[in-house]
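> Residue numbers (my numbering), protein chains in the order written: chain A, 1 to 435; chain B, 1 to 425; chain C, 1 to 339.
Since the hints were made in silico from the structure, they are not lab data.
Think of the CB as a built atom: it goes at the ideal place given N, C-alpha and C, for glycine as much as any other residue.
Please note: incorrect hints may appear among the correct ones.
[What the hints assert, rightly or not] Some chain A residues near chain C, calculated using beta-carbon distances under 10 Å:
(1) 47
(2) 48
(3) 50
(4) 52
(5) 98
(6) 333
(7) 377
(8) 399
[To be verified] Here chain C is said to cover these stretches of chain A; the calculated rule only asks that three of the stretch's residues, wherever they fall, bring their Cβ under 8 Å from a Cβ of chain C:
(9) 283-290
(10) 348-360
(11) 404-413
For reference, the chains in residue letters:
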Amino acid sequence: MSDTPVTYVRKEMLGQKAPPTSEVGPVRWVRENLFSSPMNAILTILSLYVVYVVVSHVGPWLVNGIWDADSLTECREIIAATGDGHHSAACFGVISARWHQLVFGYYPSELYWRPVLALVVFLVGIAPVMFPSLPRKLYIVTMAAPLLCFWLLWGGSIWLPIAIALGFAVGVVAHKLLDTHVSSLAAIIGAIVLPLIYWLYICGPLAGGLASIIPLGIEFVPSRSFGGFMLSIVIGLSAIVISLPLGILLALARRSDLFIIKTCAVVFIEVIRGIPLIVWLFTAQLLLNYFLPPGSSFDLTLRVIIMVTLFAAAYIAEVIRGGLAALPKGQYEGADSLGLNYWQSMQLIVLPQALKISIPGIVNTFIGLFKDTTLVVFIGLFDPLGIASAIRATTEWNGIYWELFLFIGIMFFISCFSMGRYSLYLEKKLQREHR
Amino acid sequence: MSTLTDPPKPGFRLSQLIYDTRYRSITIQVIALVLIIGAFWWLGNNTVNNLNALGKDFDFGFLNSAAGYDINQRLIEYDNQMSHGRAALVGILNTLLVAFLGCISALVIGVFVGVLRLSKNWVVSKLMAVYVEGFRNVPLLIWILLIGAVMSESMPQPREFRGEDATQSMYFSDNVAVTNRGIWIPRLGFSNSISGEEAVAPIEGATPVASGGADWLLILGTLALSLIAIRYIRNRADKVQQSTGDRPTIWYQQLAILVIPVGVVLIALGATIVSPYLKGFNFTEGTHLRNSLIALWVALSLYTGAFIAEIVRAGILAVSKGQSEAAAALGIQPSRTMKLVILPQALRVIIPPLISQFLNLTKNSSLAIAVGYMDVRATLGGITINQTGRELEGMLLMGAFYLTLSLLISGGMNYYNRSTQLAER
Amino acid sequence: MKKTVFFGALTAAGLAAGMASAATLDDVKARGSLNCGVTTGLVGFAAPNAEGEWEGFDVGVCRAVAAAIFGDPTAVEFVPTTGQTRFTALASGEIDLLARNTTWTMSRDVDLKFEFVGVNYYDGQGFLVPKALGVTSATELDGATVCIQTGTTTELNLADYFRVNGITYEPVPIETNAEGQQQYLAGACDVYTTDASGLAATRATFENPNDHVLLPEIISKEPLGPLVRHGDNEWGDIARWTLNALITAEELGVTSENIEELAATPGNNPEVNRLLGTEGELGAMLGLEADWAKNAIMAGGNYGELFDNNIGESTSIALARGLNAQWTDGGLLYSPPFR
C-alpha cells in the first residue's frame, strides 16, 4: 500500500499565477480606495460629479480665454467673432495689459528693478535664519537688509539710512564704554537712551547736512506710488520684521512677575487681538492724527504699517509666549543655577530655544497677516484688490470681474501655500529634533 | 542670588533701589507706570488740542439724533426717523446674527471635512484637501467678493418668476424662492398671537396673522423646559444603568417630551406657515435671507470651516489608536466608543483652537463691508460716522463693542479650559 | 507750527506728508506739490490709466490748481479717497484740496468745518432702471430694490424721497461705483441711484446702453464742487478763483489753443487781459504769479474743454452740458467777474 505511487501528488511547483484582475493595479486601487463600501461609492460618485460640474463650467471659460485684447469691448468682439455663445471665454487681456500694475502698483516702470532687488536682499538676509547650514557671515546682510530694503524701495538720499544705522552704532559704542567704565545698568540705559536722543535730534539734521554736502542717492518714490502685490509684501514683511522684537518684549512682559508690566502687556495684547484689523485700519486712517501733536501728519502707508505692526506684535507675542511655555522648566532652572541674571538667561538660554520653536507659528502669523493686507483697500490704498477696482474704473476695462479676482486669488494661493508648506516642514523637523 | 549670601546690611541707601533685587522690581515698575501714564497723558493732551483746533467736542449726543438712513436687514423695529443709537443697535444685532450663524455652520462644515479628509477614499480625501488648502491660502476678502458675485450673477432674478411664461419656479411646492437678491423662506405667523401686534392677512383672503417676540419667547421657553426634562430622564436612565446594568429604552419618552409641549403651544397660538409670493418687484412675506447675509455667511463658514477641519483632523489624530483598542477590550460597544472614549479626549485638543476660530470668525464678520451687509461697522462705524463727523466717538464705541464680545468669548474659553483641565491627572 | 525734528527727518524722507497749518499755500509751495483728494476710480471723473497717470474731470481741477501755483500741472499728488475717508483726509491735512464729486451741503460746510470753493458740476440724484421693467416714473418704484452708495448724500435723499411719497424700498448698500454697476447689471437690484452724471457715465459703459433708461425724476440738488478746510481763506481763495478762471475763460472764449496768442499780444478786452495777467495785479493779490490763470487754463483747457474732453458728448460718457452750460447759454455757470 505504502509504495503505491500517489499519482495525484504534484511533483513540481506550479508557476506563480497572476493575481485576479480585481486585486492588482488600478482596479484594485480603485476598489480599495474608491468603492470599498456602498457609502464610499456614493461619496466617490458625488465627488466626481462635483468635480465634473466645476470643470465643465469653468474649464471652457478658462481654456478659451482671450489674452490679447486691449479693452473689454475688443475682447467681447473677439469672443463674438469666434461665435461660441455668451460669456464662455475669459478676457485675460486685462492681465496681460495690466499685470505690471497688479504687481507693482504705480511704481515707475523703469525702476521695477528696485523692489525686485529689495526682495532679493531681504531673501538673502533671511536665508541664514531659515537655513542654519549657511555660513554665519551672511548675518551681515541680515543686519543691513532692513535699511537697505527701505532705501531701495523709497529711494532718496543714501545718507538717511546711513544716519539711522549710525544710531545703532551709537548704542553699541555707548553700551561698551559704559559697561567697562561705569556699570552694566548704566550701559543698558545708555544703550537705549542715547540712540533715541540721536534719532530724535541729531539724525535728521545730520542726514540733511551730509546730503547737501555730498548729494548721493537714487530717485525718490513716494509711497503713494506703491501698490499691488508689492504693497502687500511691503506692509506684511515690514510689519512682521518690526513686530518681532516688539512681540518678544511683550511676551516676556506677559510672563514677567512684575505686576504692572504684566498687566500692561496683557491689556495691550488683548485689546489689539479683541478688535478686528479693519477697525484698526480705520483707526489709522481716521483717528491717528488726533493722537499726534497738532499739525503733524504721517503718510497713510506709514500709518498703516505702524498699525499693522502693532497688530502683528500682539499676535507674535502670543506665538512666542507659546514657545516660552513649551520650553521645559529645567532650562529656566538651569540658567538660574548657572548664576545668570534675567536678561542673560533670556538672551543665552531661553530665547534662542523658544524662538526656534516659535518659527512655524511666526510664519503662520505672517501668512495670516499677508492675507489680511487685502483689507487696506477699504482705506483707499492700492493693494491688489484696490488696483483691481481702479482697473475696473477705466473706460477700457469697465465691467470686468472674474479674471482679475482669479489672478489675484491664484497669486495669493501660490505664495501662502508655499509658505505654509515651509512652516509644515519646519514643524516636522523640529519634532524630529526634539525626539 | 548674591543677596542670599550677603548678610543684610542695616539702613537703606538710595542705590539699593537699583542694585538690590528686593527693590529693583519696584523701581522698574514705578518707572514703567510713570512712562505709561506720561504716554497716555501725551495722547490725551494731543487729542484735546486737536479737537479744539478742529472746533469739535467730545459728545455722544449724536446717538440720539435722527439717523435719516434706511437699513435693509433689521432684527428689531427701525426706520430712518429713529436715532443713530438705534441704528447702531440694529447693526450690532446683525453682527451677532451672522457671527452666530457662521460659527454653527463653520463647525458643521469643519467636522465633516475634517473627518472626510481622513477617509480612505482617495477622491474624497483629495477633494477635501483641495477645499481646505484653497480656502486657507486665499484671503477671506476675495472669497467674500467671489461668493457675493456668484450669488448675484448666477441666481435667477425675481422677475423671471413672474407671469405665465415664467422661466423659473419656486422650490418645495412654492414655499422657497431662490433669487439673486437672496432666498425667501416661509415664516411662522400666529393667528392667536399674544404679542399684541395687529394681525394682518399676508395675502388677500388668508387668515390674519401676527408674529411678535412674545410668541417666540413662549415657544423657546417651552423648548427649554422640554430639554431640561429630557436631561432629567437621561440622568435617571444613567442611574438605572449604573445600579442594574441595564439601560432602559428612553428615546420615545425623550421624543414625546420634545415634540408634544411645543406642538401644543404652536396649535394654541394658531401657528400658520406664511409662504413668500411674488408681488411687484420682489417677493414679499416669508423671511428674506438677503444676498449680503448669505454671501458673508457662506464665505465666513467655508473659510473658517477649512481651519476648523484641520483642527478636527489634528484632534482625532491626537487620540492614540490604543484608546479605541482598549475600549474594545473593555467590551464597550463600537457605537459608543466614539462618544465615551475618543470624543472626550479629542475634544480637549480641539476645543481651545476651535473657540479661537469662532473668535476670528466674529472679528472677520466686520468684512461685511465688502458685500454691503449692514453690520455694526456699516451702521455705527460707517454711515453714522460719515454723516455726523463723529469718528472719535463712533470708533471708540465700535472698538468697545468688539472688545467686549471678544472678551466674553475668550472668557468662556478659559472657563471651559479650566473645567476640562480638572479631569486631567 | 509745532513739529519735532523727528517729523522733520521723516518729511525729508518723504514719509511724513502734509503738515496742516494755517498757511496751506506755504506748505504746498514748500512741498513742491499739491496733494489732491480724488475718488478711487469713477470713469470720466478720476481714474488712473495704464501708465498710472490720473485722468478725468475732477483731476482736471486739481491739475489747474497745481498749474496756478507752480506753473506745472504735473505737480500734483493724487490721493485716492473713498466716500468714507475723504472728509477725514481733508480735515487731517493729508490732502490740501478735495475734488471728488462731493455735494455741497450746509452741514458739511458748517458742522464738518469745510469750505466749498464753488461748483464744478451741477448734478441731481437720478434713477437708472432697465427698460424691461416698464417703469416710467420713480413713483412707480414701490417695493423696489435700490442699489445705493453708502456714505453719500444720495442715501439720505432716497430715504426722504420714498418717505415723502409714501412708498417703500429695499436698500442694497454698495461701496464703489464698479460694484454698484455689477450688482445692477446682474439684476440684484431693480434700480441704481446716484448722481445723474454718474448714472450716465455708468450706463455708457454697458454692453447694451439702450436697454436702460434714466427716469425723468431728479430727486435732489447735488452741487458738486471742490472743497478745502475751514479757516485758511487765502488757500480757499486760490482754489475758488482757479475754478472761476476756468469758467470765465470759457465765457470769454479763451481756450488752451488761443491762450498763448492772447497772452503774448494783449487784445482790447480788459477782462481777458486781467485774467491772463497782462493787466492788473490779480495774481499778486492771491500771492501767485501774474500768469497763474493762464497756467491753470493751459493745464487742461478751460471749463468747456475739460468737460468735453472728459465727460462731454464726444466721449463715451456723453453727458450734455444741461445745467452746466454757461449762464449766457441758459445754464447755471456764472463766475463772478475778474476785476
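> Now tell me if each hint is right for this structure.
Status of each hint after checking the structure:
1. 47: 30 Å, violated
2. 48: 30 Å, violated
3. 50: 24 Å, violated
4. 52: 26 Å, violated
5. 98: 7 Å, holds
6. 333: 44 Å, violated
7. 377: 9 Å, holds
8. 399: 6 Å, holds
9. 283-290: Since three or more residues must qualify, the claim that chain C covers the segment 283-290 of chain A holds, with 3 doing so at under 8 Å.
10. 348-360: With 0 residues closer than 8 Å to chain C, the segment 348-360 of chain A misses the three-residue bar; violated.
11. 404-413: violated (count 0)
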